[in-house]
Amino acid sequence: MEIMMKHPESGKNIELKENGTNIKIGGEEYEVIDQNGSLENSGVIVLNCIPVKPEGREKFEARFLNRPKRIENEEGFRAIKVSKPLHGDTYIVVTQWTSEEAFRNWQNSEAYSHAHKKRGTEKGLDREIGVLKEKPYHEVYEVSGNQA
1 MEIMMKHPES GKNIELKENG TNIKIGGEEY EVIDQNGSLE NSGVIVLNCI
51 PVKPEGREKF EARFLNRPKR IENEEGFRAI KVSKPLHGDT YIVVTQWTSE
101 EAFRNWQNSE AYSHAHKKRG TEKGLDREIG VLKEKPYHEV YEVSGNQA
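Numbering (the UniProt record's numbering), first residue to last: 1 to 148.
No wet-lab data here; the hints were simulated from the structure.
Treat each hint with caution, since some may be false.
[Claimed, not checked] Restricting the straight-line Cα-Cα distance to at most 25 Å, the calculated cross-link-like pairs of lysine-lysine (BS3-like) are: (1) K17 x K6; (2) K59 x K133; (3) K53 x K24; (4) K59 x K24; (5) K69 x K59; (6) K135 x K6; (7) K12 x K69; (8) K53 x K84; (9) K24 x K12; (10) K24 x K135; (11) K24 x K6; (12) K17 x K84; (13) K84 x K135; (14) K69 x K84; (15) K133 x K24; (16) K59 x K135; (17) K59 x K6; (18) K24 x K84.
None of the values given here were measured: they were computed from a predicted structure.
The whole structure should be built from the sequences, with the hints applied where relevant.
Shown next, in the form of structure tokens:
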């Protein structure tokens, strides 16, 4: 499936294309290492970009592969794809929601707090030396159409 996405503020268009166990976002390719749900041609897609040091990849992947999986029960949730870069160092956690409001509601939920409860503590990946290369960031895109 190919999905066209548009950044609501910058107007930047980006294509997301699924191909078996790989996903292409813009011009970059990723291997999907964990997923739930199916991407659809509506709603919003959030790209949570997480730059990881080479020596931290194994630890980062283990954390995500053992995540509590509570996001899947949130209202408005459609899909998640934890994506490992084939080139480069930035993992992308793709989530799809029925609306930006559903995504923001999740960010304010108990499930979000639970998923991020170690952040900022000595057990959090953000504080552990040798894991994150830079501070993670996310971008919200509106689905603007598909091509197949």
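Each hint tested on the structure:
no. : hint       : verdict
1   : K17 x K6   : holds, 14 Å
2   : K59 x K133 : holds, 13 Å
3   : K53 x K24  : holds, 21 Å
4   : K59 x K24  : holds, 24 Å
5   : K69 x K59  : holds, 18 Å
6   : K135 x K6  : holds, 23 Å
7   : K12 x K69  : violated, 31 Å
8   : K53 x K84  : holds, 12 Å
9   : K24 x K12  : holds, 16 Å
10  : K24 x K135 : holds, 22 Å
11  : K24 x K6   : holds, 16 Å
12  : K17 x K84  : holds, 15 Å
13  : K84 x K135 : holds, 17 Å
14  : K69 x K84  : holds, 18 Å
15  : K133 x K24 : holds, 22 Å
16  : K59 x K135 : holds, 16 Å
17  : K59 x K6   : violated, 32 Å
18  : K24 x K84  : holds, 11 Å
Against the hints set out earlier in the document, violations occur for numbers 7, 17.
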